[in-house]
Amino acid sequence: MDRDICIQVKDASVRFNIASEKINNLKEYAIKLLKRELRFKEFYALKDVNLTVRQGESWALVGPNGAGKSTLLKLICRIIAPYKGTVWVRGSIAPMIELGAGFDPNLTAEENIYINGAILGYSRQFIREHFNQIVDFAEVGNFLGMPIKNYSSGMRARLGFAIATVVKPDILVVDEVLAVGDVAFQKKCMNRMQEMLSEGTTLLFVSHSNDTVRKMCKNAIWLDHGQVRMTGAADEVCSAYEKSQQSK
Amino acid sequence: MKRDISAWKFRIQMLLKYRYLLLLLVERDIKLKYRRSVLGYIWSVLNPLLTMLIMMLVFSHMFGKKIENFPVYLICGHILFSFMREACTLAMNSIVGNAALLKKVYVPKYIFTLAKVTSSLVNLMFSLGALLIVMLITKVPLTWNSLLIVIPIAELYIFCIGLGLFLAQANVFFRDVANIWSVVTLAWMYLTPIFYSIDDLSPTLRYWIPKLNPMYIYITQFRDFILSGGWTWTVLIWRGLIISLLMLVIGLWSFTRNKDKFILYI
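Chains as they are written, first to last, in numbering that gives the first Met the number 0: chain E, 0 to 247; chain L, 0 to 265.
One thing to keep in mind: the hints can contain errors.
[Stated by the list, open to error] Here are the simulated DSS-like pairs of lysine-lysine, each with C-alpha atoms no more than 27 angstroms apart in a straight line: (1) Lys30(L) with Lys40(E); (2) Lys148(E) with Lys30(L); (3) Lys16(L) with Lys30(L); (4) Lys46(E) with Lys30(L); (5) Lys102(L) with Lys148(E); (6) Lys9(E) with Lys30(L); (7) Lys83(E) with Lys102(L); (8) Lys83(E) with Lys30(L); (9) Lys8(L) with Lys167(E); (10) Lys16(L) with Lys167(E); (11) Lys260(L) with Lys26(E); (12) Lys217(E) with Lys186(E); (13) Lys9(E) with Lys210(L); (14) Lys34(E) with Lys9(E); (15) Lys30(L) with Lys31(E); (16) Lys16(L) with Lys46(E); (17) Lys16(L) with Lys138(L); (18) Lys138(L) with Lys9(E); (19) Lys32(L) with Lys148(E); (20) Lys32(L) with Lys83(E).
Simulated from the structure, these hints should not be mistaken for laboratory data.
Nothing here was measured: the structure is a model prediction, and the numbers come from that model.
One chain only, chain E, in its complex shape:
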């Protein structure tokens, strides 16, 4: 295999079983089974998707809502296992599907930094050494003892971003998470991501803003109804996608 390749998704499909009515208890399951009413509708969130990403590339995932962009990211982050096909990833991933996922609202910011770091797989020593760096980036120095439930959503996002990007990951996965937060913060995050890119980190990026996509990414993949419509240079894919959006 090519040594540069760090993500390879081959013919991957993700299938959800949507029960015609949601059955999540044994009693109903047994009744429906006896009455032979148990039917499942199959729904493919992704169908036969292929994607090869090389070390240091920046990829944008574009497409309308429900196209499977987040599902593809989750597939790469190992949150979802493929129903068919294979997903192969080399290197460490910093997942930002949602900033501050796993913050416990009742714990203070300080305690949450440790727990959230541990969720991302950091060691105690690593978090201790980088604690100040996280706090400085998130600008929450004065609120460390406050329970997270009293934080504003912007502050929470800042803290989440700071924790997730304190490592230098091989692959940075960013779902539409920067929408919250003010302009200054967004700019700060963009700079941080650019900095990582220039250091050789691979980027996977979801955004509905084509301008941001053009600025951040060189390549793009366009998904529609779980299938790949187009892969190629970000500029071309974005233009084609814009055209299809306008003609609707």
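Fit chain L to the known structure of chain E by using the hints.
Frame of chain E; chain L shown alone:
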């Protein structure tokens, strides 16, 4: 075969990588449980003591006369059974309760189940403080043999991890497992000699309970080490160990088999 071995090697590496998360989750459970209460950790000691007093009030006339040192007999059975019930109930909800997180970040899912059983184990340690108080008051001597209670506790811990994993994965697919479980624990409690002696039961039950009820096995070992200050029936130790390992295998098997499907149901 070779793939199996490397898969297990990978799993153990992951457990080591996330051991700090496990520690933090256990710490969080214990911290949050008592953050708002004035008496704090004392509650964990007080709770089994009060329950024991109530049980004594009700049952000592009925069963207490035939059982030597009834208070210690009661509290031994009570704290072990409560541990099992608490550990498994919390473990059962460990996957469903962390749905929001498991949808967004990759974490080995069993860490949450393991954390719940372990934080219940810490609570059991506090309950042992209550046991110690009752032992002092009723003048039961503390001997080196009393330390052998780590054997039944370790067996019960493994048993609870297995049962907890099984319940956690079942609860993802069928949410009424929680209701069924609460009925099961009630029946289980009455079928375990906690406040009565096994000799009071019918011959049939007296034959089957020591063979089929793991809680009887663990509690009896525990009581033997504490009350008689001697050894227990060796067969019980083996039987307890085999049952706990068997439960662990069932739990691990059902959990690993279904874990990739969790995300579609939570």
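Would you pick out the hints that fail for this structure and give their numbers low to high? 1, 4, 6, 8, 13, 14, 15, 16, 17, 18 and 20
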